[in-house]
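Enquirer: Listed below, chain by chain, are the residues.
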Amino acid sequence: MFEALQFEFMRNALLAGLLTSIACGVIGTFVVVNRIVFLSGGIAHAAYGGIGLAFFFGLPFVVGTLGFALVVAMVMAVVTLKARHRSDTIIGVLWASGMALGVILLDLSPGYNVDLMSFLFGSILAVPTSDLWLMLVLNGLILLAVGYFYNDFLALSYDEDFAQVRGVRVKFLYFLLLAMVALSVAMIIRIVGLILVIALLTIPPYIAEKYSASLRTMMLLSFLLSCFFTMAGLWISYAFNLTSGATIIMVAGVCFFISLFFEFLKSGSLFSRGN
Amino acid sequence: MNDPIIEVRDLWFSFNSIPVLKEVNLTVRPGNFIALLGPNGGGKTTLLKLMLGLLIPDRGSIKIFGQPPGKSSHRIGYMPQHLHFNQSFPISVLDVVLMGKLRPGRGWSRYSHKDRMAAEKALKQMEMWDFRNRRAGELSGGQAQRIFIARALVDEPEVLMLDEPTASIDTKHQTDLFDILKELNKTVTIIVVSHDVGIVSSHVKSVACVNQQVFYHDDAEINQEMLEMAYQCCPVELVAHGMPHRVLLKHEEDD
Numbered sequence: 001m002f003e004a005l006q007f008e009f010m011r012n013a014l015l016a017g018l019l020t021s022i023a024c025g026v027i028g029t030f031v032v033v034n035r036i037v038f039l040s041g042g043i044a045h046a047a048y049g050g051i052g053l054a055f056f057f058g059l060p061f062v063v064g065t066l067g068f069a070l071v072v073a074m075v076m077a078v079v080t081l082k083a084r085h086r087s088d089t090i091i092g093v094l095w096a097s098g099m100a101l102g103v104i105l106l107d108l109s110p111g112y113n114v115d116l117m118s119f120l121f122g123s124i125l126a127v128p129t130s131d132l133w134l135m136l137v138l139n140g141l142i143l144l145a146v147g148y149f150y151n152d153f154l155a156l157s158y159d160e161d162f163a164q165v166r167g168v169r170v171k172f173l174y175f176l177l178l179a180m181v182a183l184s185v186a187m188i189i190r191i192v193g194l195i196l197v198i199a200l201l202t203i204p205p206y207i208a209e210k211y212s213a214s215l216r217t218m219m220l221l222s223f224l225l226s227c228f229f230t231m232a233g234l235w236i237s238y239a240f241n242l243t244s245g246a247t248i249i250m251v252a253g254v255c256f257f258i259s260l261f262f263e264f265l266k267s268g269s270l271f272s273r274g275n
Numbered sequence: 001m002n003d004p005i006i007e008v009r010d011l012w013f014s015f016n017s018i019p020v021l022k023e024v025n026l027t028v029r030p031g032n033f034i035a036l037l038g039p040n041g042g043g044k045t046t047l048l049k050l051m052l053g054l055l056i057p058d059r060g061s062i063k064i065f066g067q068p069p070g071k072s073s074h075r076i077g078y079m080p081q082h083l084h085f086n087q088s089f090p091i092s093v094l095d096v097v098l099m100g101k102l103r104p105g106r107g108w109s110r111y112s113h114k115d116r117m118a119a120e121k122a123l124k125q126m127e128m129w130d131f132r133n134r135r136a137g138e139l140s141g142g143q144a145q146r147i148f149i150a151r152a153l154v155d156e157p158e159v160l161m162l163d164e165p166t167a168s169i170d171t172k173h174q175t176d177l178f179d180i181l182k183e184l185n186k187t188v189t190i191i192v193v194s195h196d197v198g199i200v201s202s203h204v205k206s207v208a209c210v211n212q213q214v215f216y217h218d219d220a221e222i223n224q225e226m227l228e229m230a231y232q233c234c235p236v237e238l239v240a241h242g243m244p245h246r247v248l249l250k251h252e253e254d255d
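From first to last, the protein sequence lines are chains R and S.
Residue numbering for the first sequence follows the numbering used here, beginning at 1 and increasing consecutively.
Residue numbering for the second sequence follows the numbering used here, beginning at 1 and increasing consecutively.
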């Protein structure tokens, strides 16, 4: 592992893993406790439309994915607030339409489309330094927003009606939360690709939740777990010449099932506290 | 002093074009202890949520402390109905109660020492202080109910709005709870939603029957006519009339 660090791409990969772990820990925690996993998956897949747009108009990919993911997230926020009972269907439609748009725009784009697999399964080994700076800024914004509104977000996640009665601007915070989910998803796509993004966003918080006394601890623990998954996955993929994104997710998945097994030993039943 | 705390005028509300509340008029004066009684689906919770500003009426007006709902929410202590959501949520009892001290635009500042003292007082009042470091999701139904009442009380509200506070607790604890509420009522106006006629009639000062329409009764005396109006669907038998009022329904409501 250590000799691998002499390569810039390896150092960048490690830094990218650590930086995205911040988003995974903080935003993943909100995704899990607010049960917006499906919605986040919708944003991630619809972001493929952004990749298509970027190709078609010759824009940088970051602009395409980030911009499109943000737009989709805001549309989903409006839809889920207006039509709660059918929100899952509408999320599913946006999920598929976004991807379809991406595929068609790529068909229409001239020339050979390079390495689309890297968007589906991530390309942690090809993160340029400029992307690291962008991740740093995005994480900074997320930490600032969550730090400032921590108590408000906690109340919103736990008991929305009560939060609103206490004067918390629940709608504004909901939009802000989904915007941050979009930013995180766009970052994580870089690491593990859009197909696997949900695993990295939800497995660390799911494990962390059981051992955390507060939302704050849950975020910290998820961050540490996410760091471990990306580092261990990266090392295994380097040592055995495997696809890095898939290896990272496999490490996370194995840990997920180990944690379920320990839970089973402790309580005698699976998902005993999942309600 | 005797200005009404809550004034509802000609209020109409429908959900998906099905009328829920019609032509509601209700005035709540300070010091009152009023029960909103009625069958399930009669609109009790809806009326409470309208008063809190969580729902917007189709027609009519609501004034809380002379202002539209939502403007003076920090003077209201609220306990919602469904408390057994999200049992795996990582939050301690103390943090749940501190939520009652939340103020908009608080930003970076965290809960102060004063807030913590208030939370301690509220938890002690509800005899739940020993549970302060427990996970909220691990509590029994009755214990959970008490920490949510503590959360409603922590900011020393002038009005307490409780939605089905006795929903998941046994009869003994129901009576205990209403004894506590009666004590609190010396300083706080209380509005309580319930479908349990028996417990309510011996503790509250007035009753409003809610079944699409609202019939207000200035004392807690429950009479046959009132019950029939409120529970048109199920016949009600008034067994004994005196103090305390005992009322039996002909058949059990199955929740």
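A hint or two may mislead.
With the Cβ distance kept under 10 Å, some of the chain S side facing chain R (calculated, not the full set) [stated by the list, open to error]: (1) 18; (2) 19; (3) 22; (4) 49.
If you want the footprint, here are the derived chain R segments under chain S, 3+ residues with CB under 8 Å [what the hints assert, rightly or not]: (5) 149-155; (6) 253-259.
Capping the alpha-carbon separation at 25 Å, the derived lysine-lysine pairs in BS3-like fashion look like this [stated by the list, open to error]: (7) 171/R to 71/S; (8) 205/S to 63/S; (9) 63/S to 171/R; (10) 82/R to 114/S; (11) 186/S to 114/S; (12) 172/S to 63/S; (13) 172/S to 124/S.
Don't read these hints as lab results, they were simulated from the structure.
The model shown is predicted, which means the values in this text are computed figures rather than measured ones.
All residues carry an ideal CB built from backbone N, CA and C; glycine is no exception.
Enquirer: Would you list, in rising numerical order, the hints stated earlier that this structure does not obey?
Expert: Violated: hints 1, 2, 3, 6, 10, 12.
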